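Engineer: Here is what each chain is made of, one letter per residue.
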Amino acid sequence: MNLMGLFRRRNSAPVARERLQVLLAHERAFVGQSDLLAVLQEEIIAVIAKHVSIERDRVQIKLDRGDPISTLEIDVEVPSAAAAAALRGRPAARPAMVSG
Amino acid sequence: MATVIVVTSGKGGVGKTTSTAALGGALAQSGQNVVVVDFDVGLRNLDLVMGAERRVVFDLINVVQGDAKLPQALIRDKRIDTLSLLPASQTRDKDALTAEGVARVIGELREKFDWIICDSPAGIERGATLAMYHADAAVVVTNPEVSSVRDSDRIIGMLDSKTARAERGEHIAKHLLLTRYDPARATRGEMLKTDDVLEILSIPLLGIIPESEDVLRSSNLGTPVTLGNPNSPAAKSYFEAARRLRGETLVVSIPAERKGFMGRLFGRRAVA
Chain W
18 MNLMGLFRRR NSAPVARERL QVLLAHERAF VGQSDLLAVL QEEIIAVIAK HVSIERDRVQ
78 IKLDRGDPIS TLEIDVEVPS AAAAAALRGR PAARPAMVSG
Chain G
291 MATVIVVTSG KGGVGKTTST AALGGALAQS GQNVVVVDFD VGLRNLDLVM GAERRVVFDL
351 INVVQGDAKL PQALIRDKRI DTLSLLPASQ TRDKDALTAE GVARVIGELR EKFDWIICDS
411 PAGIERGATL AMYHADAAVV VTNPEVSSVR DSDRIIGMLD SKTARAERGE HIAKHLLLTR
471 YDPARATRGE MLKTDDVLEI LSIPLLGIIP ESEDVLRSSN LGTPVTLGNP NSPAAKSYFE
531 AARRLRGETL VVSIPAERKG FMGRLFGRRA VA
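First to last, the protein sequences are chains W and G.
So the first sequence is numbered by the working numbering: it starts at 18 and just counts up by one.
So the second sequence is numbered by the working numbering: it starts at 291 and just counts up by one.
Hints should not be assumed to be uniformly reliable.
[Stated by the list, open to error] Taking lysine to aspartate or glutamate and the DMTMM-like style, the derived pairs with C-alpha atoms no more than 25 Å apart in a straight line are:
#, chain 1, residue 1, chain 2, residue 2
1, G, LYS483, W, GLU35
2, W, LYS79, W, ASP92
3, G, LYS452, W, GLU44
If you are wondering where the hints come from, they were derived from the structure by calculation, not from laboratory data.
These numbers come from a predicted model, not from an experiment.
All chains, full assembly: derive it from the sequences and hints.
Structural biologist: Next up, the structure:
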């Protein structure tokens, strides 16, 4: 227990180094793109709305920054009726309703 | 041909003003004509670190706004006559600095001096961007600590995009000055090592300034450490850094932990 505590305290610098490397890789990539998520959200809603009627606030986008990979999580709630209609093959050219 | 240097960091309290004074003192001792310029309008401190706080009459703002001529505001150092100070205003704020006014003052300084060393305020706002705008080279002062390294990374990005050189598509030289370095703690893995910081920030190393009582003592006395205590380890590091700024290639000596026999015997516990 005591030994583990010593070990951990001694090695905080490598943790600092790793945290910085991950953080700065992302900050450099996303500098000037702080609204990236907002843009993605708009465009994803537009694409889905072409085919399925969805509600704007039922689309959630999350970015989890990690090393070696980051995950972009897109969560879209589609009303069952709309999904069923889309599956039955409504004409794609027909504009779908987007609320909000 | 004058060289404009900005001493910058993003984060406050890492040693910008101390380093400005020490590098100015070191360059001046090598016979170069040097002016140190305080851009920290409203929170000036370079005058205090230089020991000239009671000699300030006119300041950068007065010159920028045309209320005083540049020679009236320049304070010549009493210890070494190749060193001058252009103090900041204590009563005005950074909005009193105009881009045109700063450009004119830097232009006038370029005619009088070999080195113009601009002490940037902390932060990434107007005061900091004006301080870096005309720079030919930057000294990025960084402590081996996560928040300082992150802010330095941000400042490096700004140097590459928001300076006159960057706008003209020219290169701006960036140098890392690692300050308040404690070799014993780095050896024990408690503090980021020089190589860690260099790898993360990817700019060349200008020098490593060890954490030192001599630096605090110099501030207390109002004497740049390179003038007041030139044989101290910190001053020697600053002298080497100044020579590198002049283009010399020197191996950077990393201050090593000096462990006595008992220290070695009992290892890290004994030193801690």
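Engineer: What hint numbers does the structure not satisfy?
Structural biologist: none
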